[in-house]
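Spelled out, the chains give:
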Amino acid sequence: MPRNEASRVTGEWDDGERRPGRRKAIRYGVPVAVAGVAAATIGLVPAFAGSGDPDLPEISAQDLIAKVAASDVQQLSGTVRTSTDLGLPELPGGMGAGALGSGQDKGGADPKDKLMELASGSHTLRVAADGPDRQRVSVIDKAAEYSLVRDGDKVWGYDSGSNTAFRATGPESDTAKKGDLPKGVGDVTPQELAEHVLDAAGDTTSVTVDGTAKIAGRDAYQLLVKPKQAGSTVGSVRIAVDADNGVPLRFTLTPKSGGAPALEAGFTSVDFAKPAAGTFAFDPPKGAKIIDGDRVSTQRHDDAAGTEAGDLPKGLPGGLPHGLDEARGGDDGGMDVIGHGWTAIAKIEGAGAAPGKAGQAGQDKEGATGQRAGVPAGDAAKFLDSMGEKVTGSFGSGHVFSTRLVNALMTDDGTVYVGAVDRQSLVKAANAEK
Amino acid sequence: MSRAETVEQAPDVRAPRPLWTLGLLRNELGMTFRRRRTLVLLAVLALVPVLVGIAVRVQTGDGGDRGGPAFISLVTNNGLFLVFTSLAATLPVFLPMALGVVAGDAIAGEAGAGTLRYLLVAPAGRTRLLLVKYTGTLVFCLVATLVVAASALVVGALLFGLGEVTLLSGTTVPLAEGLLRALAVAGVVALSLIGVAALGLFVSTLTGSGIAAMAMTVGVVITFQILNTLPQLHAVQPYLFPHYWLSFADLLRDPVYWDDIRRNLGLQAVYALVFGTAAWARFTTRDITA
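Sequences listed follow chains A and B, in order. Position 377 (the first sequence) corresponds to 377 in the working numbering; numbering is contiguous. Position 105 (the second sequence) corresponds to 105 in the working numbering; numbering is contiguous.
Simulated from the structure, these hints should not be mistaken for lab results. All of these numbers come straight from a predicted model, not from anything done at the bench. Worth double-checking, as some hints may not be accurate.
Claimed, not checked - Think about it this way: if two alpha-carbon atoms lie no more than 25 Å apart in a straight line, the pair counts; the simulated SDA-like pairs of lysine to any residue are:
no., chain 1, residue 1, chain 2, residue 2
1, A, Lys286, B, Pro92
2, A, Lys154, B, Leu162
3, A, Lys142, B, Leu180
4, A, Lys286, B, Asp260
5, A, Lys286, B, Ile54
6, A, Lys67, A, Pro57
7, A, Lys289, B, Gly187
8, A, Lys289, B, Arg253
9, A, Lys274, A, Lys24
10, A, Lys142, A, Lys286
11, A, Lys226, A, Gly21
12, A, Lys286, B, Leu180
13, A, Lys286, B, Asp287
14, A, Lys142, B, Pro174
15, A, Lys286, B, Ala55
16, A, Lys24, B, Pro92
17, A, Lys142, B, Arg117
18, A, Lys428, A, Ser394
19, A, Lys286, B, Thr223
20, A, Lys142, B, Thr223
21, A, Lys142, B, Gly266
22, A, Lys289, B, Gly163
23, A, Lys286, B, Leu158
24, A, Lys289, B, Ala55
25, A, Lys286, B, Leu162
26, A, Lys274, A, Ala230
27, A, Lys142, B, Pro92
28, A, Lys24, B, Val154
29, A, Lys154, A, Ala273
30, A, Lys289, B, Ala157
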């Protein structure tokens, strides 16, 4: 060992039999091996976990749907991972709900604003429920959290990012229906999503059982729902249903254009035991700004048609068919629904059709796409040209705004057609309405 | 072979080995923390909460805006949140930078000053010397984190007062539990740095120049931070060591959300193991000429 003076100094590895070069290689092999083992663990564990589809007795689609309907699980808590990829540009972290037009002055605690954030990107939610009128949903943000707690007729929202609490006494008007959480945030749990889709399943839909899966450590059947109507942009909806108690555990919506799911929500852990009693208790923290939700929601209803477009993203993750069906039943003056089932198209009259109004509707929509909010109305036309594609038909001309799932046609006179349908269907609908 | 064994066994006869290692460690710690450079680093770190606190205090507008470091809107209500804000503000840059200086200098600095071979004359073995150096940097991680936390606690208490703590979930807990959680947060932040510490130590074994090792360590940290913000690298980001750094905030939820904290600590452990063993492979097979 001519060069190896070091060994003589330390005397640590002076065994003389092995050659230093080989020893060196062996020693450098250790970190490589550690890295390799780590990489293999990361890479293979999910693969193994995924491969073990459980063997479950055959079940027909009807029986499975019945099982979902009959499921009377009242108590559960768990973690839900949602990811939404509607083809909208991702919202930069800081400018979530607050930056999206209408919500700004009211602080971040309004559930509707929060839902806008859920309409893009991935989110982790913690949910807990105990009976029909005690629920809690917490959206886990980076170093912040948004909680929505319902205990009887008290509804509280708390946004730690802005230290704002949102209060509503009694269920909000549009949520009273099912005794759910204030609409929207509650809508993103797999159960709600699945319910919306199965509600809408009729002659326009094919439903089959397609294999099994293991979700959050539980055995589940996979229900495959496909729209039969040609114009729909929805490729398929896959719902994993707990084989034991019929609770939907995962919901995946794939657009017809393929690729990653446009919408996915699934439990990463779930527990059907009764949640701790303190879970549903909420006292507004000292120093928090408190917003009275009842007053806010009445204000919102006075906002008329323009807001309705702003509310649209709410319908998207909430299950499109449902959102539209509900809109059909709604009494909001400016909104009609054309068609039914998966290809239903919402028509929103631009009341007055003033450029400012059209601009506002456009703005809200653009706000949702995260491009920019708060464009002066005068720039609206130019802005529309940059955002949407110009189309013409016997209805006149307008712009089509496309996402992976939803297309919207805004005519030059301010009427908006929106639906989970391809652009030809939108133009056809607009022509038919003329 | 025979010589190695006699050297290894000798301390057994004279004195218990663990004590000997402790002596080496005590020596190392004394040397690190008596250095003026280390003290200046710690002083700068202690200054960060002061600046953040004063800035929040001066700008009295209510916290509707969501800019700035995490929790900043909560600081005015409770000085304890200055601890979390300061840790969130120092963790991405200041703490790794200070650590990079200490870790990068650990071996390379000795080599540069020509004292490394004297250290190796002592019958401790290179592996043990490396372990002592690594332990020393880990102690520095903990001390630096605690300095930031303690300074923030004092500044926060003076400027904003302390009281019951509102957790991120909106639950209010007594101050004692809040302090306990703050201590846990400081612990997690210190543990978040063990990956960088190992990386710095590995870099330090590569070169004989202390400055080069520090610069490279800090450079790698900054590069990883930048990579972690590029949306195009989404697929790689969960494997970058700074990715889960802010997960310490999950300790402030009710109930505590452990998933990301576990991921963070696991990732740090992997980095520490990989670069620790790489440093060991390099240091035990390298020619020490200075």
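Which earlier hints turn out false for this structure, listed by number in ascending order?
Numbers 1, 2, 4, 7, 9, 11, 13, 16, 17, 19, 26, 28, in rising order.
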